[in-house]
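**Q** Read off the chains here:
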Amino acid sequence: MNTECSSLELQLADYLAGVPSAEVDAHLDVCEQCRASVALWSNMAAMPAPVAPRMRLQLPKPRNYWPLALAASALLAAGLGFYGGRASAPANDIASLRKEVRSLREVVALSLLDQQSASERLRGIRYSASVDASDPELAEALSHTLRADPSVDVRLAAADALRRFPQSTKSRESMWQILNADDSPLVQIAVIDLLSEDPRLPQLLNNSNIHPSVKEYVQAVLANPQKRGFQ
Amino acid sequence: MTAVREGDTHALGTLFDRHHAALYRYFYRMSGSASASEDLTQDVFLRLLKKGETWNPAMKFTSWMYRIAHNTFIDRSRKLKWETEMPAQHEFAAPSGHSLERDEEHALLHKALLRLAPDKRELLILSRFQGLRYEQIGELLGIETNTVKVRVFRALGQLREAYAALSRDPILLAMEAKR
Ligand SMILES: [Zn+2]
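Protein sequences appear in the order of chains A and B.
Using the working numbering, you'd call the opening residue of the first sequence number 1 and step up by one each time.
Using the working numbering, you'd call the opening residue of the second sequence number 1 and step up by one each time.
Hints in this document: simulated from the structure, not taken from any laboratory.
Treat the hints loosely; a few may be bogus.
Computed far set for chain B versus chain A, every beta-carbon distance over 10 Å [to be verified]:
1) Ala11
2) Gly13
3) Thr14
4) Ala21
5) Asp75
6) Leu156
Below 25 Å or equal to it, Euclidean Cα-Cα: the simulated SDA-like pairs (lysine to any residue) are [said to hold, decoys possible]:
7) B/Lys60 <-> A/Ala118
8) B/Lys120 <-> A/Ser7
9) B/Lys60 <-> A/Gln203
10) B/Lys50 <-> A/Glu137
11) B/Lys50 <-> A/Leu57
12) B/Lys50 <-> A/Leu222
13) B/Lys111 <-> A/Ser7
14) B/Lys60 <-> A/Val38
15) B/Lys120 <-> A/Leu195
16) B/Lys111 <-> A/Met44
17) B/Lys60 <-> A/Gln116
18) A/Lys170 <-> A/Ser117
19) B/Lys50 <-> A/Ser171
20) B/Lys60 <-> A/Leu10
21) B/Lys60 <-> A/Val24
22) B/Lys120 <-> A/Val38
23) B/Lys120 <-> A/Ala49
24) B/Lys60 <-> A/Ser7
25) B/Lys60 <-> A/Ser171
26) B/Lys60 <-> A/Asp149
27) B/Lys79 <-> B/Gly131
28) B/Lys60 <-> A/Ser130
29) B/Lys50 <-> A/Leu156
C-beta: ideal position from N, C-alpha, C; glycine also.
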């Protein structure tokens, strides 16, 4: 590899990833080695993919089930007072085991929220219902979805899912920002429902981002705080 | 209480359905061994079960999953030296409009990949076959994106050399035979 090749390594790597570069094109005209490397890279794309055999998730029993089984039986025993005076030590183990169980569900919900297709993200939101509502990471992810998802359906579902999460001051602030930014009346109403106890609600009547029909809704909520949602 | 267990297995099943084929392909290309790849793929899901709490959602889920796959592969490599012991088998999808010449070329390329040091091979597999962006590879390996770029291009150069050496092999052999 000559010095020109080394000085172009970053651009050459970007070029492989599809970033066009006149500089790289000019280099490839004169450098046989780099040209051969780029050709090999294209050739790799045509390589057939290994075929995965039919596989099923195998959790060897009982060895790999033991943490869950232990958590289950320990929780049951603790609930029935089996451990008596010794309850504190196992309780710590139980707490950490429960955390593992919760975390895996969280992993699934969050990984689904990170998908390309709106229907997958909706699935992630539905899945989030099986996760402990005290989970701040998940509340944050749902709140991010509500703030930034391009699909109105997904944003509405996220707002709905957030109902069961306790609202922190921070999350309330984030809701207010959404009301100033989201231009879907449906999403605005869903967010107002999440904020219905907030004393600043009347300010929305002067907010130019709020759709006129939504302002009527705000007035109705202010007149009768019990009456929420479409009725 | 069985609900806890079933719910959890179900959660893992969701991840398995979504990602096992990609992980299998990753391991197959890393090891060249079909049976090892199946084992390793199953292993990753057990580790996901055990290490769910170590995921920081600031990291893309797939980056984290490949980090676990990477560690699984390294741990297993320490126990088994399959790079030399396990021959490459050709359990690949038949490409459309394939010719014998093309097949041989690809088989040779596969062999050349297996000749590279595992870290070089992995960079090419992740960037070329698993569809990971350089940023993601940096994230999962804990290195700078620019370092990834430089290393990928250098690994590609090494692959080109290994491939060229292998392509020359049959000619050299034929010449030897004539003497
Ligand atoms: Zn060059």
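**Q** Each of the hints needs a verdict: does it hold here or not?
**A** Hints, one by one, checked against the model:
1. Under the 10 Å C-beta cut-off, the non-interface status given to B/Ala11 relative to chain A is violated; the minimum distance is some 5 Å.
2. Not every Cβ of chain A is farther than 10 Å from the Cβ of B/Gly13; the closest lies at roughly 5 Å, contradicting the non-interface assignment.
3. Annotated as non-interface, B/Thr14 brings its C-beta within 10 Å of a C-beta of chain A; the closest such distance is 5 Å.
4. Remark: the non-interface label on B/Ala21 conflicts with the geometry, its nearest Cβ contact in chain A lying 4 Å away (cut-off 10 Å).
5. Distance check for B/Asp75 against chain A: the nearest CB is about 17 Å away, which clears 10 Å, and the non-interface claim stands.
6. A beta-carbon of chain A is positioned within 10 Å of the beta-carbon of B/Leu156; the least distance is around 5 Å.
7. Restraint check: the Cα-Cα separation between B/Lys60 and A/Ala118 comes to about 17 Å, which is no more than 25 Å; the hinted pair holds.
8. For the hint linking B/Lys120 to A/Ser7, the alpha-carbon distance of about 20 Å falls within 25 Å, and the restraint holds.
9. Restraint check for B/Lys60 and A/Gln203: the C-alpha separation of about 38 Å exceeds 25 Å, so the hint is violated.
10. Restraint check: the Cα-Cα separation between B/Lys50 and A/Glu137 comes to about 19 Å, which is no more than 25 Å; the hinted pair holds.
11. Between B/Lys50 and A/Leu57 the alpha-carbon distance is near 15 Å, which keeps this suggested pair within the 25 Å criterion.
12. Only pairs whose Cα atoms come within 25 Å are accepted, and B/Lys50 paired with A/Leu222 is rejected, the gap being roughly 49 Å.
13. Of the pairs offered as hints, the one joining B/Lys111 and A/Ser7 is violated, with about 30 Å between alpha carbons and a cut-off of 25 Å exceeded.
14. Under the criterion of a C-alpha separation no larger than 25 Å, the hint pairing B/Lys60 with A/Val38 is inconsistent with the structure, at around 29 Å.
15. The hinted pair formed by B/Lys120 and A/Leu195 fails the criterion: a straight-line CA distance of about 53 Å is larger than 25 Å.
16. Annotation: proposed proximity of B/Lys111 to A/Met44 holds, straight-line Cα distance about 12 Å (limit 25 Å).
17. With a C-alpha separation of about 13 Å, the suggested pair B/Lys60 and A/Gln116 falls inside the 25 Å cut-off, and the hint holds.
18. For the hint pairing A/Lys170 with A/Ser117, the CA-to-CA distance comes to about 29 Å; that exceeds 25 Å, so the pair is violated.
19. A hinted pair counts as satisfied when its Cα atoms are at most 25 Å apart, and B/Lys50 with A/Ser171 does not qualify at roughly 31 Å.
20. For the hint linking B/Lys60 to A/Leu10, the alpha-carbon distance of about 23 Å falls within 25 Å, and the restraint holds.
21. Straight-line distance between C-alpha atoms of B/Lys60 and A/Val24 comes to about 31 Å, which puts the hinted pair past the 25 Å bound.
22. Distance hint between B/Lys120 and A/Val38 is fulfilled; the C-alpha atoms sit about 17 Å from each other, no more than 25 Å.
23. For the given pair, B/Lys120 sits about 19 Å from A/Ala49 by alpha-carbon distance, which is consistent with the 25 Å threshold.
24. For the given pair, B/Lys60 sits about 31 Å from A/Ser7 by alpha-carbon distance, which is inconsistent with the 25 Å threshold.
25. In summary, the hint linking B/Lys60 to A/Ser171 is supported, as the alpha carbons are separated by about 23 Å, within the 25 Å threshold.
26. Taken as a hint, the B/Lys60 and A/Asp149 pair is honoured in the structure, with Cα atoms around 17 Å apart against an allowance of 25 Å.
27. For a cut-off of 25 Å, the pair hint linking B/Lys79 to B/Gly131 is broken: about 29 Å separates their Cα positions.
28. Distance restraint check for B/Lys60 and A/Ser130: the Cα-Cα separation of roughly 21 Å lies within the 25 Å cut-off, and the hinted pair is therefore satisfied.
29. Under the criterion of a C-alpha separation no larger than 25 Å, the hint pairing B/Lys50 with A/Leu156 is inconsistent with the structure, at around 33 Å.
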